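So the chains spell out like this:
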Amino acid sequence: MAETTVKAPVEKEKEPLFGPKEKRLLTDPLNDNNPITVQVLGICSALAVTSLVYPSIIMAISVTFVTAMSSFFTSLLRKQIPKQVRMIVQLVIIATLVTIVEQFLKALNFEVYKQLAVFIGLIITNCIVMGRLEAFAMANRPWRSLLDGIGNGLGYGAILIVVAVIREFFGKGTLFAGSPLAWQIIGPSSDYMLDTTQISWLGWYQNNNLMVLSGAAMFIIGILIWIHRTWNPKLVDVS
Amino acid sequence: MHSTRYIITFVAVLTMVVALVLSLLATGLKPIHDRNEAIYNKKAILSAINAYLDEKPANMSAAQVQKIFDDQIQQEVVDMKGNVIEGLKAEDIDMAKEKKKPLAEQRLPVYIYNSPEGKVYIVSVRGSGLWDEIWGSIALKNDFNTIVGATFDHKGETPGLGAEIKDNPKFPEQFIGKTINDESGNYVSIDVVKGGIKEMAHQVDAISGATITSKGVAEMLDRGLEYYQPFFENQKK
Numbered sequence: 287m288a289e290t291t292v293k294a295p296v297e298k299e300k301e302p303l304f305g306p307k308e309k310r311l312l313t314d315p316l317n318d319n320n321p322i323t324v325q326v327l328g329i330c331s332a333l334a335v336t337s338l339v340y341p342s343i344i345m346a347i348s349v350t351f352v353t354a355m356s357s358f359f360t361s362l363l364r365k366q367i368p369k370q371v372r373m374i375v376q377l378v379i380i381a382t383l384v385t386i387v388e389q390f391l392k393a394l395n396f397e398v399y400k401q402l403a404v405f406i407g408l409i410i411t412n413c414i415v416m417g418r419l420e421a422f423a424m425a426n427r428p429w430r431s432l433l434d435g436i437g438n439g440l441g442y443g444a445i446l447i448v449v450a451v452i453r454e455f456f457g458k459g460t461l462f463a464g465s466p467l468a469w470q471i472i473g474p475s476s477d478y479m480l481d482t483t484q485i486s487w488l489g490w491y492q493n494n495n496l497m498v499l500s501g502a503a504m505f506i507i508g509i510l511i512w513i514h515r516t517w518n519p520k521l522v523d524v525s
Numbered sequence: 029m030h031s032t033r034y035i036i037t038f039v040a041v042l043t044m045v046v047a048l049v050l051s052l053l054a055t056g057l058k059p060i061h062d063r064n065e066a067i068y069n070k071k072a073i074l075s076a077i078n079a080y081l082d083e084k085p086a087n088m089s090a091a092q093v094q095k096i097f098d099d100q101i102q103q104e105v106v107d108m109k110g111n112v113i114e115g116l117k118a119e120d121i122d123m124a125k126e127k128k129k130p131l132a133e134q135r136l137p138v139y140i141y142n143s144p145e146g147k148v149y150i151v152s153v154r155g156s157g158l159w160d161e162i163w164g165s166i167a168l169k170n171d172f173n174t175i176v177g178a179t180f181d182h183k184g185e186t187p188g189l190g191a192e193i194k195d196n197p198k199f200p201e202q203f204i205g206k207t208i209n210d211e212s213g214n215y216v217s218i219d220v221v222k223g224g225i226k227e228m229a230h231q232v233d234a235i236s237g238a239t240i241t242s243k244g245v246a247e248m249l250d251r252g253l254e255y256y257q258p259f260f261e262n263q264k265k
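Chains L and S are the protein sequences, given in the same order. Counting with my numbering, you get residues 287 to 525 for the letters of the first sequence. Counting with my numbering, you get residues 29 to 265 for the letters of the second sequence.
Simulated from the structure, these hints should not be mistaken for laboratory data. Since we're looking at a predicted model, the values are computed, not measured. Where is the CB? At the ideal position from N, CA and C, for every residue including glycine. Don't take each hint at face value.
To be verified - Just so you have them, the derived chain L footprint on chain S, three or more residues with Cβ under 8 Å:
id	segment
1	33 to 40
2	50 to 56
3	64 to 74
Claimed, not checked - With a straight-line Cα cutoff of 30 Å, these simulated BS3-like cross-link-like pairs (lysine-lysine) come out:
id	chain 1	residue 1	chain 2	residue 2
4	S	Lys-169	S	Lys-109
5	L	Lys-400	S	Lys-183
6	S	Lys-183	S	Lys-117
7	S	Lys-84	S	Lys-183
8	S	Lys-169	S	Lys-84
9	S	Lys-95	S	Lys-117
10	S	Lys-125	L	Lys-400
11	S	Lys-265	S	Lys-109
12	S	Lys-129	L	Lys-400
13	S	Lys-84	L	Lys-400
14	S	Lys-183	S	Lys-58
15	S	Lys-125	S	Lys-109
16	L	Lys-400	S	Lys-128
17	S	Lys-147	S	Lys-109
18	S	Lys-127	L	Lys-400
19	S	Lys-70	S	Lys-117
20	L	Lys-400	S	Lys-243
21	L	Lys-400	S	Lys-95
22	S	Lys-71	L	Lys-400
23	L	Lys-400	S	Lys-117
24	S	Lys-117	S	Lys-127
25	S	Lys-58	S	Lys-70
26	S	Lys-243	S	Lys-226
27	S	Lys-58	S	Lys-71
28	S	Lys-128	S	Lys-243
29	S	Lys-243	S	Lys-198
30	S	Lys-58	L	Lys-400
31	S	Lys-169	S	Lys-70
32	S	Lys-264	S	Lys-169
33	S	Lys-125	S	Lys-243
34	S	Lys-70	L	Lys-400
35	L	Lys-400	S	Lys-198
Assemble the whole structure, with the sequences as input and the hints as a guide.
Right, dumping it as structure tokens:
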């Protein structure tokens, strides 16, 4: 009898590979616990890189990779990491992964690397990465930490891309400028790295230069937080 | 609680593992990085002679860029007295390093493009913007006076303001057709001015909101193109 009572809770603790809890780790950061609009983390890079969609997508992918992998490795080492130096160890892990991303980006797409070089280094200081390591990876198993990292990276990336679409559309009249998919939509043919002979509709539109500056991202993120809170009743603070 | 000894060992081992991984990666990818960097710089040089090319350099593949360089571009290095230094290729010259040398010892790269209308000389200039270095390539006709194209780049100018020297094609486009010598043949360079151009032949419009970068471009051109004057004189003979 004694044996079974001991065994039972052990079996309960066993985590399924992809149960409802794991699913929530991935979907929560996309909505209820979004790193940008709810936790208000990672704002610095969200203001800086979002003037164009293409670099934002690359940034989103890079941050997702870094949060996922650093969560995973931190979680693997969580019992070995001495408490006194845990922040430094986390930082070493993040910095290593960021450097790996940078090296690969430099090898695979040099032009995007040139555009992003400054921001890639900034992933190290992206609050989301460190925040997830401290809040989640240090207390959870590697698989769950990995999912949590991916979820938060995607939640961050989703907002980044929404902001970038708005800013690039109104600021430059284009989408995906700088990439092979570059697309002139409104305004006089754009100045930005595009073929100046390209014809667009709504040629009367004058590009809004405010959108190009970081300040515009601040307003857009503010409005997004407002919309998100109105739309998702769970986020409304009743007290 | 872990002992101090454990902490030191842990950190030391972690650092060594990380250092090993990163150095292996950096060494392994270096050839690719160098090749990318070279192609990027070559594309910038080709942008200065955009007018003569069928395709925009930005859309070219690495192989296409290399082919133009191999077939149509002659590379020379000249010293400050305007003499060609034998045995060196223009692409071997790192302008950032040259700029730190004493003036008399600096070497200058020249790319000579064989266009149907005669030789086009592409020269490099380097200066300072607001935050960091700026540089550019200027393509001149074989009269060593008329600009046929220009391209600029920068290390860290503000996007939307100073960075427009690179991002906004209208800025370098202004230089096309300008002349660096006045009517009597004296060197006057190109000035970047605010509030409207007064001298059509030697001035371009500055970028509003980027005064220091615009001034930097003017200074860079004035000084940079002057370095090439002895070479131009030698070529004219």
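- Looking at the structure, which of the earlier hints fail to hold? none
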